[in-house]
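Trainee: Given next are the chains, with one letter for each unit.
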Amino acid sequence: MSISYYPGCTLKTKAKNLETSALAAMAELGIEVEELPRWNCCGAVYSLADDDLIHIIAPVRDLIRVKERGHDTVITLCSMCYNTLARANDLMKHDEEKRKTINMFMDEEPDYAGEVRVVHLLDYLRDDYGWDKLKEKVKVPLAGLTVGPYYGCTLLRPREVALDRPDKPTLFNEFMAALGATVVDFPMGTECCGSYQVLGNPDAALKVSYDILNDANQHNIEALALTCPLCDYNLGRRQNLMRDKFEGVPEIPVYYFTQLLAVALGLSPEVCHFELNRESAIGLLKDKNFLKEVPA
Amino acid sequence: MPQKITSKSIDDNLKRRAREISGQIAQKCFQCGTCTGSCPMIEHMNVTPRGLMALLQWGQADKIAEANTPWICASCHVCQVRCPRGVELPKVMEALRQVKLRTNVNQIEPANLQPEEIIDLPQIAMVSGFRKMTS
Amino acid sequence: MSTTNEGSGAVAAKVEAKLIPIHVMGKRYEVPESLTIMKAIEYAGYKYIRGCGCRGGVCGACSTVYRKPGDYKIYTGLACQTVVEPEMYLTQLPFYPALRTTYEFSELEGKPEEIFELYPELFRCVACNACTKVCPMDVEVLDYISALKRGDIKAAAEISFDCIQCGLCASRCFAEMPQYHIAQLARRINGAYLTPRAEHLKTMVANIEAGRFAEGLNELKAMDTDTLKKTYQERELEPATAGDDWTPKDTRYL
Chain A
1 MSISYYPGCT LKTKAKNLET SALAAMAELG IEVEELPRWN CCGAVYSLAD DDLIHIIAPV
61 RDLIRVKERG HDTVITLCSM CYNTLARAND LMKHDEEKRK TINMFMDEEP DYAGEVRVVH
121 LLDYLRDDYG WDKLKEKVKV PLAGLTVGPY YGCTLLRPRE VALDRPDKPT LFNEFMAALG
181 ATVVDFPMGT ECCGSYQVLG NPDAALKVSY DILNDANQHN IEALALTCPL CDYNLGRRQN
241 LMRDKFEGVP EIPVYYFTQL LAVALGLSPE VCHFELNRES AIGLLKDKNF LKEVPA
Chain B
297 MPQKITSKSI DDNLKRRARE ISGQIAQKCF QCGTCTGSCP MIEHMNVTPR GLMALLQWGQ
357 ADKIAEANTP WICASCHVCQ VRCPRGVELP KVMEALRQVK LRTNVNQIEP ANLQPEEIID
417 LPQIAMVSGF RKMTS
Chain C
432 MSTTNEGSGA VAAKVEAKLI PIHVMGKRYE VPESLTIMKA IEYAGYKYIR GCGCRGGVCG
492 ACSTVYRKPG DYKIYTGLAC QTVVEPEMYL TQLPFYPALR TTYEFSELEG KPEEIFELYP
552 ELFRCVACNA CTKVCPMDVE VLDYISALKR GDIKAAAEIS FDCIQCGLCA SRCFAEMPQY
612 HIAQLARRIN GAYLTPRAEH LKTMVANIEA GRFAEGLNEL KAMDTDTLKK TYQERELEPA
672 TAGDDWTPKD TRYL
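Protein chains in written order, with our numbering: chain A, 1 to 296; chain B, 297 to 431; chain C, 432 to 685.
It is worth saying that the hints were derived from the structure and are not from the lab.
Honestly, I wouldn't trust all of these hints.
Stated by the list, open to error - Calculated cross-link-like contacts (lysine-lysine; reagent style DSS-like; alpha-carbon spacing at most 27 Å): (1) A:K67 - C:K504; (2) C:K585 - A:K12; (3) A:K67 - C:K564; (4) C:K660 - C:K680; (5) A:K98 - B:K311; (6) A:K100 - C:K564; (7) A:K12 - C:K542; (8) C:K585 - A:K16; (9) A:K98 - B:K396; (10) B:K300 - B:K359; (11) A:K16 - C:K680; (12) A:K100 - C:K499; (13) A:K98 - C:K564; (14) C:K504 - A:K100.
Take the sequences, apply the hints, and build the full model.
Mentor: As structure tokens, this is what we get:
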């Protein structure tokens, strides 16, 4: 199998629950991946300045590592990493002038021209693995769990790297449906959680996240599934802070898509590190009798 | 509020720099306001994205400097995918941020983050926040 | 550095080697081709007041930046270790300002977040790799910064182990961070909190505290200077070729 795995920084600390659940689930599905032996932070956000190439260096360096490893595909779990790597790859593939400049600048590395394919686990499951095959592997269907797939921004925008139609995506819905969950679309499922404004304007970020949770609640959604550690922080971890600022904040557990995948595959809850989620996360799964064995 | 624009109050330099950095032509915008209607951060902005495009078309550098719009923008790209004129607004926002950041001035100071915040924040929050808001 | 017409005693001896031109801070000098940059600078008449320490390649005081004609690349080396090349033009960079935060080490717990808190600028790294390219010790600076960003203090400590704190990485950093100070903190945390305590060391310390070597130390303390010198000169050394079964003649302290 020729797939490199690019984790991203946060998956080694705060979002370990995303990584460990994904690795266990991929192993169970027979998707063989190998973590890049050497990688650097991708930069999390793609530079939007036309004349700024220095911020493209980081993701390109990672793509060169994939090529050096002899792999033609790199799989990501964090959607910010996906977006940054995919856009850098797109630039290296299509912009000859910038490609030349970047390759010349990185004179200590081999030249790169976008030879690698950047995928996210979600579109890999759809396009390479197939929903039908995934359905066959499900041992604990998430029947009776009303999930809102929260796409956020970076899987869908901009169009060049969108995994699905930006205005009416179905990818995440299909994934959750394959796991047997009841999927509820909600209008704010593709809206921004406030992202990095948690640093610059934390109150503004808190408000948009609160709006998203409220919208989910109004659609009778029991739990949110998502793919990004920053969304998880804004929508999950900061729910306590929302309670200090706003009235009637619903308690909505937030899961990484891979945690729900691992649970549906019947894997031990230990691979999910639910201690890093909101407390209500493991409680809801216990109530629904989805967990094979409950960790102490 | 009506605003008086004279040949003297049009800053061509800012228009040119914004165009160079963003690669976007502000004049393409026909002021439909879809960006404003789509923006999740709109309630925190003192100038709407549409309004900012108008100011840029008219080179109103002083008013643009007072707008918090580029510093509230979360680069979610929803305006970009909906723009009927194909203007990539996130790039315009980035350019307006860069005009300030490239003078070696920070919008947020990493050193001012509280220890309890840093202990709590995921690394990508700091990586992305510093990229967007430090010089 | 200051210049003196008397030259330096260290290289005043007759030199018959071939002379080659080098450029020190823009001024041309003819120096013997076999000299290190440090000795060549002294040969040229400069006297070191700073920018020179151990002369053995470990203290990090004499970092030197140079270029070669017709080559855009920046080269670096320790002046005490790098041999001169014809037409190189150089300057020394004995110090580069870099923020070093203060912390009460005993209050740390060894978590990555503590490093993030002390050096949040860590997250401004753009992976340009200028740090690694400039390191005179061939430390993979970008790799340890990348490791730290993902919270892997142990990896950062190990990758940065050869760092001599010369500061050239900080001088080239696009993100304006003090890599070498951050790495030092990582190594301290790794040593103090992440590396298992050596059991045999613990036993030995307990033995010392219990007075196991008291007799020998008291003996030494009681000696006059001449006896002490004589005892030192006559001490038994472990031969370089000794095998594992070697034991000293005096077995009192084994």
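Trainee: All hints, please: hold or fail.
Mentor: To see whether the hints hold, each was checked on the structure:
With a C-alpha separation of about 26 Å, the suggested pairing of A:K67 with C:K504 holds against the 27 Å cut-off. The suggested pairing of C:K585 with A:K12 holds, with an alpha-carbon distance near 13 Å, which does not exceed 27 Å. Distance hint between A:K67 and C:K564 is fulfilled; the C-alpha atoms sit about 21 Å from each other, no more than 27 Å. As the CA atoms of C:K660 and C:K680 are separated by approximately 20 Å, the hinted pair is consistent with the 27 Å bound.
In summary, the hint linking A:K98 to B:K311 is supported, as the alpha carbons are separated by about 24 Å, within the 27 Å threshold. Taking the CA atoms of A:K100 and C:K564, the gap is near 20 Å; set against the 27 Å cutoff, the hint holds. Proposed proximity of A:K12 and C:K542 is supported: the alpha carbons are some 13 Å apart, at most 27 Å. In summary, the hint linking C:K585 to A:K16 is supported, as the alpha carbons are separated by about 17 Å, within the 27 Å threshold.
Restraint check for A:K98 and B:K396: satisfied, since their Cα atoms lie roughly 24 Å apart, inside the 27 Å limit. With a C-alpha separation of about 12 Å, the suggested pair B:K300 and B:K359 falls inside the 27 Å cut-off, and the hint holds. About 57 Å separates the Cα atoms of A:K16 and C:K680, which puts this hinted pair outside 27 Å; it is violated. For a cut-off of 27 Å, the pair hint linking A:K100 to C:K499 stands: about 25 Å separates their Cα positions.
Between A:K98 and C:K564 the alpha-carbon distance is near 22 Å, which keeps this suggested pair within the 27 Å criterion. For the hint pairing C:K504 with A:K100, the CA-to-CA distance comes to about 18 Å; that is within 27 Å, so the pair holds.
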